[in-house]
Amino acid sequence: MPRLIALVAAVLLLAANAYAADTPRKGGIIRVGNLGEPPALDAHWTTASITETLTNHIYEGLYSLDGANRPIPMLAEGHTVSKDGLTYTFKLRQGIKFHNGKEMTSDDVVASLARWGKQSIYGKALFAQVAEWKALDKYTVEMKLKEKSAIVLISLAVPNNFGAIYPKEIAEKFAPEIKATEWVGTGPFKLAEWKPDQYIRMVRFDDYKSRNEKPNGYGGGKTAYVDEIRWQPVPEVATRVAQVETGELDFADDLNLDAYDRLAKNPNARPLVSKPYYWLVAVLNKKEGLMTNQKLRQAWQAAIDIEPIMKNVAGGHREFYRMDASLAMVEITAWHTKLSGLPWNEHNKAKAKRLLQEAGYKNEPIRFMTTQEYKWMYDFALLSKQQLEDAGFNIDLQVVDWATLVKRRNNSKEYDAFTTGIGAFYDPTHPVFLTPSWPGWTTDEDILKLQAELARETDPKKRMALWEQQTRQFYEKVPVIRYGDLFGLRAIRNTTKGFNEKTERIRFYNVWLEK
Amino acid sequence: MPEAPRRSRLRNLTANRNVVAGLAILGVVVFAAAAAELVSTHNPRRLDPPNRLRAPSLEHYLGTDEFGRDVWSLVVHGSRVSLAVGLTTMLSTSLAGILIGLVAGYYRRLDLVLMRVMDGLMAFPAVLLAIALMAARGPGVWNVIFALSVVYTPRTAMLIRSTVLSIRETDYVQAAQALGRRDLAIAFRHILPNCVGPLLVQGSFIFAYAILAEAILGFLGVGVPPYVPSWGNVIASGKNVIREAFWVSLFPGLALTLSGLSLNLVGDGLRDTFDPRLGVR
Amino acid sequence: MTAYLIRRTLALVPVLAVVVTVVFLLIHLIPGDPVSVMLGPDATPAQIEATRQALGLDRPIHEQLLKFYARVLRGDLGQSYFLDRPVTTALLERVEPTLVLTVSALLVAVLIGVPSGIVAAARPGSPWDRLLMLSSLLGVCVPGFWLSLNFIYLFAVRLGWLPAAGYASLWVDPMAALRYMVLPAVSLGFNQSALIARISRSCMLEALQQDYVRTARAKGLSEGTVTWIHAFRNALVPVVTVIGITTAILIGGAVVTEIVFNIPGLGRLIISAVLRRDYPVIQGVILVTATTYVLINLVVDVLYVFIDPRIRYA
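Protein chains in written order, with this note's numbering: chain A, 7 to 521; chain B, 2 to 282; chain C, 4 to 317.
Chain A with its partners taken away, still in its complex shape:
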């Protein structure tokens, strides 16, 4: 009999726990382990992903992305477009407070986005189409365009290098090319303290006014349940894993994939596969040198056998890579293409050899730059080298540190190819590898013509047709070599609840601690 009572009690307790687990509670400090220090906390200024992650807790833009990666209003109440499609009028939400207590008005929005339009890669692309940008009244702003544009809302919604709204005083104090070193936003958390190599402390902003909708992707309602987010840079990845295992961290990002099995066995924590992450890419120098030869680029594309490379990079785990030829990733449902017959992953040595011959290639060394600072880059470069050499290439693999790579790739004389990753992009006009201004220099007229059309065309169906055409063209002209999709590994303690596993980057609003 006592046994039965104990059993009933246990069941009741379990049920209570299950119930408790679904009820958010306030309080506590969430400790998040990440890779290192941000280069800046100025969202307009840098494209670095760590800055993106951190600043999205402090600042907000007019728009944000929903769960399907489409734009939804954030600080904007909504917008109207004139009949000719050339005038966008944005209504702002009222009563939004900055962390310094000031109310957000149209002046702040105009000043912030003007600065963003001069520095951010997305801002610059948008403001190239803007004729006039001004405040109509305290809560209304107007954007007049030179031509019809398809990218107004999506550009305002991208989370990277984003159009964060700063107080006017700060937006005007720092010139676009100088990084802002005062950090005041409207987000659910405010910056409390930044001690390099120890922590960045963000505390709940008590006057935060949440949207009424449910949380949705990066947007919707945001609630700061935890009192504080403590971002702790832990440069050694093995230590990050260990600290989640011991409970010194509640969450850790960017782990080595080999740790997956061990985390899966841990009773107090579990691994999360982060998707999308990057598709691996070898960017080819089309301005100068050997790779200006299209046949040679095609030969590289034909030679590689992508699956074994991806499997090795993914630590042997099928969970961590995906074989896909679409330029936009599967998660970006609006732009993911399902074309067949693309010359992707052909691993056709005979074809590669034939193309090499047609290119007139005489075994000249091809300078391929990579870095060990991002292990996956070195891994896929080394694996490619062997496959390419088996097909008749001569690859001079140059392993340098990241600071050298990002400097050298700006100089067309110094390399033929370099490794990097292409993160999620939310619109066909956004990928940098289809622009003439980014290293690698895609100056092909046909590609650029289609990109320009994509920026002007506003009908979604026609845009998709253009985008499919661009994808086919991509595999013919081969501006860069697309490998497979790689995923990342994160770890979360069981006591960390409410985390949205679906978004590309981590967010800690709507997250609470059960302890």
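Hints are computed from structural coordinates only; laboratory data are not their basis.
Watch out, some of these pointers could steer you wrong.
No farther apart than 30 Å at their CA atoms in a straight line, the calculated lysine-lysine pairs in the DSBU-like style are these [what the hints assert, rightly or not]:
1) K124(A) with K150(A)
2) K240(B) with K355(A)
3) K413(A) with K70(C)
4) K483(A) with K357(A)
5) K201(A) with K240(B)
With chain A held as given, fit chains B and C onto it using these hints.
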């Protein structure tokens, strides 16, 4: 004290168990380096993704690394770069260290200048100084050796100087000076033998440091590229999988330790022989 | 002695001047660029050039050097490109962790190294000697990260006795500070103890053969007295040198230990500054460590006189 005849010294040396053991180990390692093609079972540079991280077996004596390369073959081939870097750096820092240390310890006027130069060199973080030197001279094994020699010489020089400082006041040096012996003769006959002990110890440590530092330079893109087999490179790459595949970093680490041990044994034996007061035990 | 001290202190100035200049030139020799790192992977060359201009990085090198001198003379080390604060502030934040780690690791190294060297020297060739020397050799050949990571797995993950990594200030929470410091101090100290043990043994062996030790033995003093009082003091000079060198290396930053155990010390500051080409921080750190080296060596040289009265400085 009477000078031991040369022949018996040599006999002492070969009779010394330490020396014999040390030379034997060193011989094996040097042989492996010289005959790497014969001794290794696989091409150490050939990647074999399906066979990554295999545990030691008959097919792969020491297992495979994260690219499926055979660790045994990597260690065998790696001994070439590693021995070249380790031994040459050890020798060059010892020679430079002796010269600078003796001069500084003996000619007190030069001491102030020389030691401040050494302070200056020591002030740079070793890695930074090495990177800068490599950047200036370009990649390559000899430049790695040069850079590491510059980085590690001050440590040896300071140690020799301090030994000289304490020895030059001893009775027998003072006596030799009183007898009018030339400085050079005193330095070589009386002071240098006393420095041999600390020097050998420091030298075997620099041997190990240099082999590990070589991998750090490779990581930064200024040394031997990371895909060229070397002990340092294999140890560094094994760090990523230390919990999943201990063998990748363990075996090259053992090779390094054994070589270091052999140098120590030879060093101890040499000292015992050249310093007759210690005798052979 | 006083004259010597004055001369040595004055010698600081040219050393630092040369070091500062050489550092400045060296770091600009290294390929790479802070702005390309700062602006992130998608930045365009045009954007990078604009920010380089804003930071004055496009100016000729001699012009930048002169500006740098002018600032240093005013006691201003400049502003970090990455950390959004003056270099002086960034440096001051690191002093405490670095000092705590250095002192505790040094303590471990000396406590392991010196006694085991002496014990080994007292009975050279004995199994005890061989064991001690073999383990000290392991100490240097085991890469720092290997020992550290295994310590973390054993004592933090498996046994849960100590935290895996992190740092707490001694003034704020001494107990936590101590718990955090145990693993890094032991693994770093063990690594550094190897050289100290070897040098102690070697110098003790020398010292035990000296005439005055024989005299002491002949006088019938006990072996313990001979070892500890007569021989040890004489062997100390090189040992102190090695301890000095070790201190200098540790002050400059125990990079691997600080990274693995996540200690916010000078080592991490310098390595991330080097990797990201944060020029003002590199210059600042080296200026400070150079000064420290020179001062440590001064202390070591003065110590010689106290240990071995026969050494004199004219």
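Going through the hints against the structure:
1. A threshold of 30 Å between alpha carbons decides the hint, and for K124(A) with K150(A) the separation of about 17 Å falls inside it, so the pair holds.
2. Between K240(B) and K355(A), the direct Cα distance comes to roughly 35 Å. Violation of the 30 Å bound is thereby established for this hinted pair.
3. At most 30 Å may separate the alpha-carbon atoms for a hinted pair to count; K413(A) and K70(C) meet this at roughly 24 Å.
4. For the hint pairing K483(A) with K357(A), the CA-to-CA distance comes to about 16 Å; that is within 30 Å, so the pair holds.
5. Using a Cα cut-off of 30 Å, the hinted pair K201(A) and K240(B) holds, with the two alpha carbons roughly 28 Å apart.
The structure does not agree with numbered hint 2 stated previously, though it agrees with all others.
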